[in-house]
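Undergrad: In case you want the letters, here they are:
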Amino acid sequence: MSQTTDGKVRPRHAGRQDWSTWPQYNAAASGFAGYWYPVTWSSHVTGKPSAFTICGEKLALIRDNGTVYALHDRCPHRGVPLSLGEQQFPGTLSCPYHGWTYNLPDGRLCAVITDGPGSPICGKVSVRTYPVEERLGLVWVYIAIGDEEPHPIDEQLPAELVSNPFVLGGRIQPRTGNWRFACENGFDEGHAKYLHRTALWRLFKPMPAWNITSIVAKGRWIYRVQDEVHWDADFPGVGRWSNKRWWKANPPDTTFNIGNTGAAKKVDPTIEAQQFPGFASLSMPGVLRIAYPKFIHYEFYVPVDADNHRYVGMMVNFTKGWHTARFYAKYLGVIRWLFHGQFSGQDAWMVDVTDAPPEKLYRPDISLTAWRNLAEQETTERRASADAKDSHS
Amino acid sequence: MSQTTDGKVRPRHAGRQDWSTWPQYNAAASGFAGYWYPVTWSSHVTGKPSAFTICGEKLALIRDNGTVYALHDRCPHRGVPLSLGEQQFPGTLSCPYHGWTYNLPDGRLCAVITDGPGSPICGKVSVRTYPVEERLGLVWVYIAIGDEEPHPIDEQLPAELVSNPFVLGGRIQPRTGNWRFACENGFDEGHAKYLHRTALWRLFKPMPAWNITSIVAKGRWIYRVQDEVHWDADFPGVGRWSNKRWWKANPPDTTFNIGNTGAAKKVDPTIEAQQFPGFASLSMPGVLRIAYPKFIHYEFYVPVDADNHRYVGMMVNFTKGWHTARFYAKYLGVIRWLFHGQFSGQDAWMVDVTDAPPEKLYRPDISLTAWRNLAEQETTERRASADAKDSHS
Amino acid sequence: MSQTTDGKVRPRHAGRQDWSTWPQYNAAASGFAGYWYPVTWSSHVTGKPSAFTICGEKLALIRDNGTVYALHDRCPHRGVPLSLGEQQFPGTLSCPYHGWTYNLPDGRLCAVITDGPGSPICGKVSVRTYPVEERLGLVWVYIAIGDEEPHPIDEQLPAELVSNPFVLGGRIQPRTGNWRFACENGFDEGHAKYLHRTALWRLFKPMPAWNITSIVAKGRWIYRVQDEVHWDADFPGVGRWSNKRWWKANPPDTTFNIGNTGAAKKVDPTIEAQQFPGFASLSMPGVLRIAYPKFIHYEFYVPVDADNHRYVGMMVNFTKGWHTARFYAKYLGVIRWLFHGQFSGQDAWMVDVTDAPPEKLYRPDISLTAWRNLAEQETTERRASADAKDSHS
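Protein chains in written order, with numbering that gives the first Met the number 0: chain A, 0 to 392; chain B, 0 to 392; chain C, 0 to 392.
Hint data in this document are derived by calculation from the structure and do not stem from the laboratory.
Source: prediction; values computed, not measured.
Be aware that one or more of the hints could be misleading.
If chains are identical, the list can't say which one is meant, so a pair holds when it fits in one copy or spans any two.
Unchecked claim - No farther apart than 30 Å at their CA atoms in a straight line, the calculated lysine-lysine pairs in the DSSO-like style are these:
| # | residue 1 | residue 2 |
| --- | --- | --- |
| 1 | Lys47 | Lys243 |
| 2 | Lys57 | Lys243 |
| 3 | Lys123 | Lys243 |
| 4 | Lys47 | Lys57 |
| 5 | Lys204 | Lys293 |
| 6 | Lys47 | Lys204 |
| 7 | Lys47 | Lys247 |
| 8 | Lys329 | Lys47 |
| 9 | Lys217 | Lys243 |
| 10 | Lys319 | Lys243 |
| 11 | Lys57 | Lys247 |
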């Protein structure tokens, strides 16, 4: 890629075959450590522990006295998952096998029921704990690099979700396929117009046949910008193709920049994500943001292992009071089924069957390469600053 | 094996433990390239693409304007199977993900729907195509060695099926087990008499207890010849065993050569396969032919991968006009269920559980070793002539 | 471990991480050869062969004229399992594929049905046979080290089961998890009080909160002895825990030695296993014995492969005549469901999820380390004496 004077990124060459250009991205089959990841809905974490795998780490999540804790889901005694255990004392979790009891805040072995109060091993063993936060109705876990301290989660969340009032509706699904294929699918400029041509969601949202696209970097985010939008295409010697159907919403009558859709309509000026430059943006560690005029859709691609990820899809409306009722009606009546259901299901299908590298990239894949560059760059910088810290301590 | 003056092959020694005697056969777990293979019924290949694996090659089959085409079932862009795609333009197939559109005859990328008419990658990418023919109501694909040209399919088909009128009934089944076990099972002199002793098919066709067998090579085919046929056996110190049962057809009253069954009864003298020498014959790349007086049964053992094959069984009757009705009645009423069903199912069962080498061969396995020699010899010759061609070009 | 003057074994240190201390035990993932193993109920072995895997060895079991025989379950011809075959002659088993017929007592190929009486391979091939005995209503197979002769099975059986009259009820279940985890679970001093706290079996049998335990070796067996028994525990800063529940049997009012339970009540003085020192004992190759006052419970952990074992649980009552009816009523009415069912199912659950090493042992695991020492020691001695024999022959 080459950064040009107007700040836009344009492809240098296509036909790339492997991922050697992005060594750290290539190695991140199980995700990048050093980030907060959403795991499940807050309401699903109770006093009965549950098991999750995030970035290859096995976690036991449990809620105690209102607070959620995450422990490494393996009792050091005999390797039994603590998530199969129960709580015998406040602030603790006990392994189901021998009642080894761990202190939730620090994972220290604080009692061994079957060895009595004087058990000599107490305090000599502990399990790893993971920082936990609750935001947006979700439980977030920090997967640390080594024993680093986590950065504040609000620094990582999309800014507009930290300070504004909003309502949201969403879906969490375990999905097959590597998280990178899911993330690349989400930001991928190319596929939506073709893959989703049959989605009923298109009743409301027209899509072109093809675009000329560029990518703009802005803070932690990269934005997809449509410089040209074409609603029909005439392929010499092959035929004519159009995305127009009688049952789909009609496209606007000009070749305009979708990036300005938002600006064109009345949107809350306080929501920066809905202004220039583009309606689709992406940030590490795999967060997609689609800014519609009336609400913003987010997708978090949470790494589980090399072959699985968790899809967290959220539709957010920046409103409060009785307006929230209108949103819920719209979400439960339409969005949940057409967008977070059928439409997103088509993506899940492709993510499951994608198999790369080897690969041959084409012009619209500028969105993929820009994302991979972002991941590579941010990771490199984080490593550098971490090493710097170490050398000072 | 040793070729004797009378042209018959007799075993040199048994107790063979591995397949090192047949290095190329030993290496052909996924089949031999350089042959035509039947894939499925012609009627099953339509405008909606379907996926098959032959000799380890993933294929997408589609019918366009009456003609069947085979493409390598992987889009070079992101590795998505083209068999999941749809046809957007005549003579093409489009990948479901981004609408990369391939020209069916030559596999050239002729349009990229989501990148517009001027897409720079067009013509720079293509997928491998496979020669396709339709014969006997089946779609045949040629798995080439490198980029060689295919030989005419009629050279490979059993001669009597090229020039004569006939009717056929058959079955195609995906089966577990390596194709070589299936092929060896088909030509195996030894097992039928014992394994199939309970098959209802035996109501019509008697089988001996044991034979003295020899193998005769004739053109591309090797024939099994019964020099002796024994209907009972007395095993010293063990007991007496006979294949006669009240419900089975009675054997002929002499120890005769089954190879002459055909000759004995009136058979169409134009069908060479029904004359001398034997009623069971085999040819590369795994085609079995059983010449009954009134019809010929064929089995094609199509390699899928090391652990799977496709069984293609066909009963052919060389007749036309209203006689065909009689054959269909016979096939649908009896043959399909007793022969292509129960009887063939017993073979499928054994093929699934066969596990060799190591192995210990016995006298009747002369049929196996002759087949392996044939495979080894024909492969060696083909390689040699191919190398010769290369050196001349 | 260290043997002290009073003959008791006490732990030297905990926190052990791997099994390198017990090299032969560590290597015995598929079990120890050189022992008799119970395979299935005698009544389940008939003239129709059945297949089992013991210590990684595939066996075909068949009953002929009242006697049970075990053959290696693979025909040397083409690798087909003999357990799929049928009996064609008395005293033999025939492979289903080509009728290769093996002599049951010695596994010699005595007839090849499809090659006639003069088959030259007869007597040149044979399959391995395994010594078989029937005891306690079970079929036992000896897995030999090399070609050694088996020791008498009665030397290996619990002594009290050889000479006394008794009745028994039991269960055999294929279970997931390595046999060593099952065996360690069975003798494990620690888990029962906590894991089984919810078992209805506790209606009849109280369990403490924790013990001080030591291990006593006696002949081929090691015994678990409770030096102290505590029914409640107060964990500083954590809380109080007790095993007492209104629905459970009340514990005796003193901190007594469960090892003397038996002695305390009237038990048949001829049953040595019910005397001092402890009520739980273990012997190679994985036999657990729990001596209740009125009956003895046995568990045999039979290795299948690295990930599977067979659980053989038996409740034995040393009585005869009409008393046996009382026992059967008790077993079928209660024991089978509460003890061999729910209670034992909790163990199966833990055995399935245990994953060690790495591990961190604690004070009660003296029972595990003593068992591993026993296995290591007995194996070493057997090897030594075997080598001695060899050098003399």
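Undergrad: Take the hints in turn and mark each one as holding or not.
TA: Now the hints, each set against the structure:
For a Cα distance limit of 30 Å, the shortest separation of lysine 47 from lysine 243 across copies, 23 Å, qualifies, whereas the shortest one inside one copy, 51 Å, does not. Proximity of lysine 57 and lysine 243 under a CA criterion of 30 Å is satisfied in neither setting, with 47 Å inside one chain copy and 34 Å between copies. Taking CA atoms no more than 30 Å apart as the test, lysine 123 paired with lysine 243 passes between copies only; the shortest distance there is 29 Å, against 68 Å inside one copy. In this homomeric assembly, lysine 47 and lysine 57 come within 30 Å of each other (Cα to Cα) only inside a single copy, at 16 Å, whereas the closest approach across copies is 43 Å.
Proximity of lysine 204 to lysine 293 under the C-alpha cut-off of 30 Å is restricted to the intra-copy arrangement: shortest distance 13 Å within a copy versus 66 Å between copies. In the homo-oligomer, the alpha carbons of lysine 47 and lysine 204 lie at most 30 Å apart only across protomers (28 Å), although the nearest pairing inside one protomer, at 43 Å, exceeds that limit. With identical chains, the CA atoms of lysine 47 and lysine 247 are at most 30 Å apart between copies only, with a shortest distance of 25 Å across copies and 47 Å within one. With identical chains, the CA atoms of lysine 329 and lysine 47 are never at most 30 Å apart, being 34 Å at best within one copy and 37 Å at best between copies.
Taking identical chains as interchangeable, the C-alpha atoms of lysine 217 and lysine 243 are never at most 30 Å apart, the minima being 33 Å within one chain and 64 Å between chains. Proximity of lysine 319 to lysine 243 under the C-alpha cut-off of 30 Å is found in neither arrangement, the shortest distances being 36 Å within a copy and 53 Å between copies. Taking identical chains as interchangeable, the C-alpha atoms of lysine 57 and lysine 247 are never at most 30 Å apart, the minima being 45 Å within one chain and 36 Å between chains.
Hint check: violations occur at hints 2, 8, 9, 10, 11; the rest are consistent with the structure.
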